[in-house]
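Engineer: Residue numbers (this note's numbering), protein chains in the order written: chain Y, 815 to 964; chain V, 5 to 394.
Hint data in this document are derived by calculation from the structure and do not stem from the laboratory.
Just so it is clear, CB atoms sit at the ideal spot from N, CA and C, and this is done for glycine as well.
Be careful, since some hints might not be right.
Partial list, computed: chain V residues near chain Y (C-beta under 7 angstroms) [said to hold, decoys possible]:
1. Ala139
2. Met143
3. Ala155
4. Arg160
5. Tyr165
6. Gly358
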Amino acid sequence: MSPERGAGETPTRFEPPVGVESEAFWEATREGRLLVQWCTSCDRGVFYPRVFCPHCAAGADALEWRTASGRATVYAAVVEQRPEAAGANFSGGEPYCVALVDLEEGVRMLTNVVGCPPDDVRCGMPVTVTWEPLSDGRRLPLFEPERKAS
Amino acid sequence: MSAVDRSLRGAAAIVGVADDVSPTGELDRFGRDLEVAMVLEALEDGGLALSDVDGVCHPESAVAFAEYLGVHPTFVESTMTGGSSYEVHVEHAAAAIAAGICDVVVSVYAATPRSDRTQGRRREWRRPAGPNPMAEWDMPYGLRTPMGPYALAAARHMHDYGTTSEQLAQIAVSTRQWATLNPRARYRDPITVQDVLASPLQVSPLHLLDCCLVTDGAGAFVMTSAERSRTLAKPPVYVLGAATCTDHMVIGQMPDLTTTPGAVSGPRAFEAAGMAPADVDLLMGYDSFTITALLHLEDLGFCKKGEGGPFVVDGHLGPGGSLAMNTNGGGLSFTHPGMYGMFLITEATRQLRGGCGERQVPGAEVAVAHGSGMFLSVMSTAVLGTEATL
């Protein structure tokens, strides 16, 4: 994947805007913490962040932020074979994996699985979060194959 | 959900259609010029005049388009659900006509992405207002649209049900067989499963020939009451049932990548029509990608969930098969300007009227136009029938 880079360098990714509901999420990425919005009314995770709970319609005061374990399972994965056609230059022109992963907290997010050949990523594969710096100091959550504890 | 109501059954009909495509993939008109031409041709096809129009559908702004046409409609419909927009318009126009809100409704589409590029015309791209989940949570990861989300669905379908690339390829092959019978299709040379598998991978597991075309194209349809339809130029094509369902917009919010909201819209439309998949002579199922068509077959009930792969290789789909699907050659081989749902309706109408030449489905009485919008996000199903089905 792309090498580490600091603020001020040319971004190699499309950099995500910060939604009004997700400021806390993006701030925490600066410290490498993955937050999940949690509904204390129905005890379920909420993603993407919202101003109310889409599962039980509880209001904003029922929602809090919890730090996720960072562990997830691949739900579906594909390989972009023509990065230039996708307008993506973060992989140095090489094919890369885009995947939907299910976090342990029960929410699903889109990501890239890195740290292994893209074609090796399979449905059901356990993965853990890793971070790629963005130009403004935020970091983007990516995932990599879970390393077996030695 | 509310109970299905059959009061729409046979209450409204499609009475005029027009479309404009070219085997070169490019048209020499664009924009309002093309839209107005489609509207006037569809009205003429139905023996109606612009002055008869009191309902206007346009997925960007029906109000702006009505003003341009110089009509003063009592029904405006700007529902924008991507490729399924025009099936939603059928449903809503039928309801409006049945309710007496209006009498003659026109819906139009024109897009020229290919000649826009070759002619260097700038395309307007409207930006959504408010929060933008796609920009914030999807775009950083380089998931190419539209094919990336469909590739994810294909990957999960393969994992859950053992569906293969060869099976998906068969859909492109069968659809191309129909295209060989349509002189207006963009691609008419027969292809094989091996040709599909040998075409370049785009977003794995989808190959180039698993993907729809990029062409210019335009079309329109006109609807009016059943009563009035019987006084007009062509045999009416009645709306027997219609239903729409959406369960997400961005792919990460889709509850189950292998089941589309067509599993709701399809059965509801059939129930409203008092019909079942076995009654269908023609399925016009939006084939943005081969996986899209496969999911329609399952979700509409032409085969069981997970059995789409074996179903499509059993020879059901091509000319002479048990289920005529996408007889114009589909988005895969006929035309695909971006929101292909209009052509599901023009082809279904022409087939039910008869006179489609070599590709005519003999004795076709019932057709389903099943539109798919955005990223498997919005499905809209219209069950259409001839006079004999009332």
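Engineer: May I ask which of the numbered hints given earlier this structure violates, with the numbers listed in increasing order?
Structural biologist: 5 and 6
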